[in-house]
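In order, the protein sequences belong to chains A and B. 61 is the number of the first residue of the first sequence in my numbering; add one for each residue after it. 6 is the number of the first residue of the second sequence in my numbering; add one for each residue after it.
Heads up, a few of these hints could be off.
With a straight-line cut-off of 30 angstroms between C-alpha atoms, the simulated DSSO-like cross-links for lysine-lysine are [to be verified]:
1) A/211 <-> A/189
2) A/160 <-> A/211
3) A/168 <-> A/211
4) A/178 <-> A/160
5) A/189 <-> B/438
6) A/189 <-> A/160
7) B/438 <-> A/211
8) A/168 <-> A/189
9) B/438 <-> A/178
Quick partial rundown of chain A residues pointing at chain B, CB under 7 angstroms, derived from the structure [what the hints assert, rightly or not]:
10) 68
11) 70
12) 73
13) 81
14) 84
15) 88
16) 91
17) 92
18) 96
19) 99
20) 100
21) 121
22) 125
Note that these hints are calculated values from the structure, not bench results. Cβ atoms here follow ideal geometry from the backbone N, Cα and C, with glycine treated the same way.
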Amino acid sequence: MTPHAPIATRPGLPRWALGLTVFVFLVGAVYLGSNLSGTNPPIAGGPSASPGAGGGSAAALAIINQAGCKSCHGPDLGGVPPTFPDLHGLQGGPTVDNLKQLGQQHPKDWMNIWIAGKDPSVSDPAMRKGMPVFGGPPYNLTPQQIDTIVKYLLTLK
Amino acid sequence: MTRKLRPYDQPPRRKRTLIPSAPDSAAGLFLVVAILWLLAAAGLGILAAGARLFPDLLKVSFSVPLGSGIEVDITRTTIDPAFVDALVFGWLTNAAFGAICFMTPRLTGMRLASDRLANLGLAAWNLALAAGFALLYVKGASGLGSLAEFPLPVKGLALLGLLTVNGVFWRTLLPIRALPYISLLYFGIGLLALLGLFALSAIPGVISLGSTNDQLLWAFTARGIITYWVLGSTLGALYYVIPRVTRNPLYSGGLALLAFFGWLAFAGLSAIGALVDPSVPYVITSLGQAGTLLLLAPTFLALANLLATMSGRWSLTFSPGTIQFAVTGVAFLFVTAMLESVGALRGVQRLTAGTDWGLGVLVLGLLGGSTLAFYAFADHALPRILRRAGSEGFLVHGQLWTAFAGAALAGFAMIAGGLVQGSLLAEGGTPDKLNLTLLAFRSAAAGGLSLIALGGFALLVNVFLLYTEGRPVEYAVPPVDAASAAAAGR
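Put together the whole structure using the sequences plus the hints.
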C-alpha cells in the first residue's frame with residue numbers, strides 16, 4: 061500500500077509577494093496602454109512555422125525568408141522600383157509590363173509559373189531580369205511551397 | 006538427515022516483472038515510456054538542427070507503392086513539428102502523467118483509482134503518438150499547426166488516453182473533499198486544460214473554420230498547452246519534490262495560492278497573445294501579450310517559494326541528485342519566463358518573426374526547465390517505484406551536466422541566431438550570407454541537442470542499472486521534521 065505522506069505548508073503570505081504582483085500588474089497595464097491601436101501582422105511565428113507546411117502565412121513567411129525574396133523586394137516586399145517590383149496589390153494581375161502577357165494567358169496561376177521559372181515561356185534570362193528560377197537549383201522550391209507563397213502574396217494589399 | 010535439493014527439485018524462483026505490479030505500476034510505466042520518448046525527441050532535435058545546417062542533405066522524399074501510393078516526405082516541414090511534438094507530448098506529458106500517478110496517492114492517502122485504467126490511458130496515448138508521428142512523414146496525411154498536426158482519428162485515440170488519465174486522477178482526488186496540496190491543483194487544472202485544448206485543436210479536422218481561423222485556433226491551443234499543461238505540470242512536480250527531499254514544509258501556503266491563481270488567469274491570457282493576425286483586433290492581441298508579461302509574476306512567485314523552502318538545506322545542492330536537478334530546473338524556468346516576457350514585446354516580435362528565436366526559447370524552457378524538473382522527479386521516484394537503492398554515480402552527474410550544458414548551448418545559440426537572422430533579414434541579407442552567418446549558431450545548437458540526447462541515454466542506462474543491480478530496499482516516507490511541522494501548524 062502506498063503510504064499517505066502529506067507535505068506540510070507554512071501559513072501566511074509575505075508582503076513582498078504582494079508588492080511584486082502589484083508592480084508587474086502596473087508594467088502589464090502600461091504595456092497594454094501603449095499598445096491599444098495598430099494592425100497585427102499576418103499570423104506568423106510559432107515553433108512549427110516551417111517552409112513548405114502548406115497554406116498559411118506563417119509557412120509562407122518562413123519560405124520567403126529562407127528563399128531570400130526580401131533581399132531584392134525589400135523587408136516589407138514593397139519593392140525597390142524600377143528594378144525590383146512591389147509585391148503588394150497583385151490581386152488584379154501583374155503590374156509590370158514584361159509579365160502582362162503571361163497574366164492574360166494564365167490569369168489563375170501566372171505567379172506560380174513566374175516564380176518557378178521553369179516553363180519555357182518564362183525561362184528567358186532577358187525576360188527574367190535577374191529573377192531567380194526558384195523551381196530549380198539551388199532553391200528547389202516545390203510547387204506546393206510556391207503555391208503557399210502565392211497565396212500569401214495575394215493577401216498583400 | 007536433510008538432502009540438498011538438486012536444481013530441478015527446487016521450487017521455481019519468483020520472477021521479477023520489469024515493473025512491479027501495484028501500487029506504482031502505471032507511474033513506472035509512464036516514466037519508462039517517457040524516457041524512450043526523450044531519446045526520440047533529442048534525436049529529432051539533432052535532425053532539426055542538422056536540417057538547418059545542411060538543408061539539401063537532409064531532404065528525403067520517396068514513394069511507397071502501397072494502395073493508391075504513399076509519398077513519404079522528410080524535410081524541415083516534418084522534422085520541426087516532430088521534434089516539438091515528441092518533446093511536449095512524448096517526453097514531458099508521459100513524465101507528467103507518471104508524476105500524477107506517483108504523487109496523487111501519496112498526497113491524498115487514497116490508492117490510485119485504477120492502475121489498470123491508467124495503463125489503458127498510457128497505451129492509448131502512446132499508440133496515438135506513434136501513429137501520429139508515422140503519419141507526419143506521409144505527405145498529405147497530417148494537418149497543420151503547431152502541436153496540432155495529428156489527423157483526426159489519431160487525435161481521437163489520444164483524446165481517449167487523456168480522458169482515461171483525467172478520469173483516474175479525478176476519481177482519486179475528489180473523494181478527499183478538501184483543498185488538496187498545491188501540486189495536485191496544478192496537475193488538475195493542467196490535465197483539464199490539456200484535454201480541452203487538445204479537443205479544440207481537433208475542430209478544424211471536423212469543420213474547417215477557414216485557413217486563417219484554423220491557424221489562429223492552432224496557435225492559441227499550442228500556446229495554451231505550453232502555459233497551462235507544460236508549465237503547470239512542471240511547477241506541480243517541483244512543488245512536490247523540493248519539500249519532500251529537503252524535508253522542510255513549503256515556505257508559504259499563501260504565496261503558493263497567489264502564484265497558482267495568477268498562473269490560472271495569465272496562462273489563459275497569454276494564449277490569447279498568440280492570436281496575431283489582422284483579423285484579430287489589435288487590442289485583444291495586446292491584452293494577450295500583456296498576459297505573457299504578467300505570467301512572469303506567478304512564475305517568479307512560485308520559484309521564489311520553492312527556493313525559500315530550501316532554507317537551511319542548501320548543502321543538498323552540493324550532492325548529486327534530485328535537488329541539483331530541481332534547482333537547475335528552477336534557474337532555467339526563471340530565465341525562460343524572462344525571455345518569454347521580452348519576446349512578447351511588439352518590437353521584439355517584429356525582429357524575431359520567422360527566425361529561430363521562438364524555437365530557442367522553447368528549447369530553453371522545455372529541455373532546460375521542464376526536463377530538469379522531471380529529471381528531479383525521476384531521480385526521486387524511480388528508486389521508490391522499483392524499490393531499489395538510488396545511486397549517486399557518474400551517470401547522475403552526466404545527466405545533470407549534459408542537460409544543463411545541452412539546453413543552455415542549444416537554447417542560447419538558437420536565440421542569438423534568431424536575433425542575428427532577424428537583423429540580417431531586416432537589412433535584406435541574401436540567403437548565402439544568412440546561411441554563412443548562422444552556421445556557427447546552428448552548429449552550436451546541434452551540439453547542444455546532442456548533449457541532451459546523451460543525458461537522456463544516461464537516464465535510461467541509470468534506470469536499467471537501478472533495476473538490475475540496485476540493492477532491494479523498502480522506502481519509508483520521510484517524516485517532516487518535528488520543528489518544521491510545528492512551524493507549519495501541524
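For each hint, the structure was consulted:
About 24 angstroms separates the Cα atoms of residue 211 of chain A and residue 189 of chain A, which keeps this hinted pair within 30 angstroms; it holds. For a cut-off of 30 angstroms, the pair hint linking residue 160 of chain A to residue 211 of chain A stands: about 19 angstroms separates their Cα positions. Taking the CA atoms of residue 168 of chain A and residue 211 of chain A, the gap is near 11 angstroms; set against the 30 angstroms cutoff, the hint holds. The straight-line distance between the Cα atoms of residue 178 of chain A and residue 160 of chain A is roughly 18 angstroms, inside the 30 angstroms bound, and the hint therefore holds.
A C-alpha spacing of about 22 angstroms is found between residue 189 of chain A and residue 438 of chain B, which places the hinted pair at or below 30 angstroms, so the restraint holds. Proximity of residue 189 of chain A to residue 160 of chain A is assessed by CA-CA distance (about 15 angstroms); at most 30 angstroms being required, the pair is judged to hold. Taking the CA atoms of residue 438 of chain B and residue 211 of chain A, the gap is about 27 angstroms. The hint holds against a cut of 30 angstroms. Between the alpha carbons of residue 168 of chain A and residue 189 of chain A the distance comes to roughly 23 angstroms, so the proposed pair stays at or under 30 angstroms and holds.
The straight-line distance between the Cα atoms of residue 438 of chain B and residue 178 of chain A is roughly 25 angstroms, inside the 30 angstroms bound, and the hint therefore holds. Residue-level restraint check for residue 68 of chain A holds (minimum Cβ-Cβ distance to chain B is 4 angstroms; threshold 7 angstroms). Hint on residue 70 of chain A holds. Least Cβ distance to chain B is approximately 5 angstroms, under the 7 angstroms limit. A cut of 7 angstroms between beta carbons decides the hint on residue 73 of chain A: the least distance to chain B is about 3 angstroms, and the hint holds.
With 7 angstroms as the threshold, the beta carbon of residue 81 of chain A comes within range of chain B, its nearest partner Cβ sitting at about 5 angstroms, so the hint holds. Interface restraint check for residue 84 of chain A: the shortest CB-CB distance to chain B comes to about 4 angstroms, inside 7 angstroms, so the restraint holds. Given the 7 angstroms rule on beta carbons, the hint for residue 88 of chain A holds: about 4 angstroms separates it from the nearest Cβ of chain B. With a cut of 7 angstroms, the hint placing residue 91 of chain A at the interface with chain B holds, because the nearest CB-to-CB distance is about 5 angstroms.
A distance limit of 7 angstroms between C-beta atoms decides the matter here; for residue 92 of chain A the minimum to chain B is near 4 angstroms, and the interface restraint holds. Using the Cβ-Cβ criterion of 7 angstroms, the hint placing residue 96 of chain A at the interface with chain B is satisfied: the shortest such distance is roughly 5 angstroms. About 6 angstroms separates the beta-carbon of residue 99 of chain A from the nearest beta-carbon of chain B, less than 7 angstroms, and the hint is met. Taken as an interface hint, residue 100 of chain A checks out: its beta carbon lies about 5 angstroms from the nearest beta carbon of chain B, inside 7 angstroms.
Against a cut-off of 7 angstroms between C-beta atoms, the interface hint on residue 121 of chain A holds, since the closest Cβ of chain B lies about 5 angstroms away. Satisfaction of the interface hint for residue 125 of chain A is found here, the shortest Cβ-Cβ separation to chain B being roughly 5 angstroms, below the 7 angstroms cut-off.
Of the numbered hints stated above, none is contradicted by the structure.
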